[in-house]
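Quick note, the sequences are listed as chains F and V, same order.
According to the numbering used here, the stretch in the first sequence is residues 1 to 274, in order.
According to the numbering used here, the stretch in the second sequence is residues 275 to 548, in order.
Incorrect hints may have been included.
What the hints assert, rightly or not - Reference excerpt, derived from the structure (chain V facing chain F, CB under 10 Å, subset only):
1. S321
2. K435
3. K496
4. G499
None of these hints come from the bench; they were simulated from the model.
Note that the Cβ used here is the ideal one computed from N, Cα and C, for glycine as well.
Chain by chain, the residues:
Protein chains: 2
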Amino acid sequence: MLKSLPIGVFDSGLGGLTVAREIMRNLPMEKIVYFGDTARVPYGSKSGQTIKRYSRQIVRFLKTQEIKAIVVACNTATALAMDEIREEAGGLPVIGVVEPGARAACEASKSGRIGVIATRATIGSHVYSEAIQGIRSDASVIGKACPLLVPLVEEGWIHDKITDEILLRYLDELLEHDIDALILGCTHYPLLRSEIRRLIGDGIRLVNPAYETASELKRLLKEQGLDNDKLRDAGEPYPYRFYVSDEAERFAGFANSVLPVDVKNARIVPIEEF
Amino acid sequence: MLKSLPIGVFDSGLGGLTVAREIMRNLPMEKIVYFGDTARVPYGSKSGQTIKRYSRQIVRFLKTQEIKAIVVACNTATALAMDEIREEAGGLPVIGVVEPGARAACEASKSGRIGVIATRATIGSHVYSEAIQGIRSDASVIGKACPLLVPLVEEGWIHDKITDEILLRYLDELLEHDIDALILGCTHYPLLRSEIRRLIGDGIRLVNPAYETASELKRLLKEQGLDNDKLRDAGEPYPYRFYVSDEAERFAGFANSVLPVDVKNARIVPIEEF
């Protein structure tokens with residue numbers, strides 16, 4: 001039955017697990033098939049053309065997995081390849097992380113001065129500015145590409161003086177513009193949330209699109225009658241499946257540090273063939 | 275005529291330009307076809323299996339370009355895919371960056387305590403230790419993976435307090451082992467050469483495999499009668515061709531900051547199809 005099918009979630013690599021985490025918390029009845037493109041990560045420094053091609057391949061793979069909806073848990077892919085993803089997805093509902101994040105930021109901001117930190121590709125696409133100004137034409141959006149944050153998180157230097165310094169350098173420019181809301185526009189950044197909070201103080205609302213995306217997914221599944229309302233039996237198989245294009249073991253290790261569940265293994269998919 | 279054919283040089287992205295630069299300086303009569311895999315960069319955090327597959331595709335592409343030899347200007351590919359590269363190359367001479375770097379380090383070191391900084395994949399492969407101990411069995415090799423250095427160079431933070439701090443953290447461990455030679459085992463690292471020199475002082479010899487590889491190439495071409503001895507005529511076309519798998523413009527910009535010649539353009543190759 002359609003309702004009991006899993007949700008396909010994909011990202012350029014590990015970061016999208018922060019979105020999967022929010023879906024697991026907020027929609028505990030739903031099954032997930034996750035794909036992380038660890039052989040070609042990162043997307044954030046690459047061109048739109050390449051990101052579109054990679055995203056199409058991933059959607060084609062996910063469609064072999066009998067899913068009921070797709071969550072694009074990658075800001076860069078959402079920013080640059082949403083049309084192509086919808087086209088490949090056929091009739092399947094597709095949610096990206098940008099719209100829910102933009103909407104939440106518009107609600108969170110009083111002054112309308114909203115900051116966005118993200119990858120070079122996402123900032124270059126101006127997708128957050130456009131989405132925000134579509135909702136709130138008085139808003140001014142200040143974007144800042146932060147290419148070092150993903151490698152810092154992947155190096156594990158999270159509670160670290162050096163990371164604080166790098167964050168401060170990136171954030172200084174935004175703080176000068178007197179923003180009152182800041183979008184964490186890359187799925188790795190929520191892992192730096194408490195450091196960012198400490199550095200910018202309590203006056204600025206932090207918006208985590210991962211959280212907002214899970215809420216939006218919940219709403220959409222309900223609206224379309226696709227939400228799973230049947231409790232799992234004790235004997236049913238593990239509801240989360242993980243696929244990657246490379247380094248399955250490293251992925252499982254990282255996933256276990258991010259997710260509230262145990263990731264037993266991840267399987268490798270030859271994604272170029274899709 | 276065979277002697278006048280170009281040399282194929284490849285890397286996971288931009289870093290191999292430091293090798294191309296040494297070839298241009300040391301072998302000014304030689305033509306070069308460079309390929310940088312900018313759509314899938316970096317290799318240093320990926321698995322051997324993936325690096326082998328990508329390297330094979332690149333060699334198949336280079337062979338369509340009528341070349342006389344191949345230089346693997348990527349430490350990670352040299353460390354993990356040399357057998358596959360030689361197999362794909364058929365009879366063409368192939369030089370990697372590891373052997374020349376290891377040989378120079380053995381000559382540079384008095385104590386036999388040699389440090390290597392490189393990507394996670396290169397360090398994990400132990401290829402430098404093996405090469406060094408094959409030449410000098412009394413040597414002890416201390417490796418350190420430095421995954422943040424490539425993103426720092428690509429962010430342009432070269433003369434920067436933060437980069438100094440990160441370098442010091444990575445190098446501290448090596449300095450404790452009282453090394454007297456240090457191999458810059460990733461092609462981006464020569465761009466941090468003067469910072470590293472300043473931080474570690476004059477007592478440690480820095481080994482740049484890019485430089486050693488160009489010397490080795492010169493020797494090999496001469497030995498096999500493949501060295502180009504015909505001066506170019508004024509009317510001859512530009513001797514350097516650049517290909518990438520993505521972001522041709524960004525590549526050309528970076529290339530112009532590294533190379534002693536003008537890079538007019540770089541062309542995109544659909545490398546997955548090879």
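Here is what the structure says about each hint:
| no. | hint | in the structure |
| --- | --- | --- |
| 1 | S321 | 5 Å, holds |
| 2 | K435 | 8 Å, holds |
| 3 | K496 | 39 Å, violated |
| 4 | G499 | 39 Å, violated |
Against the hints set out earlier in the document, violations occur for numbers 3, 4.
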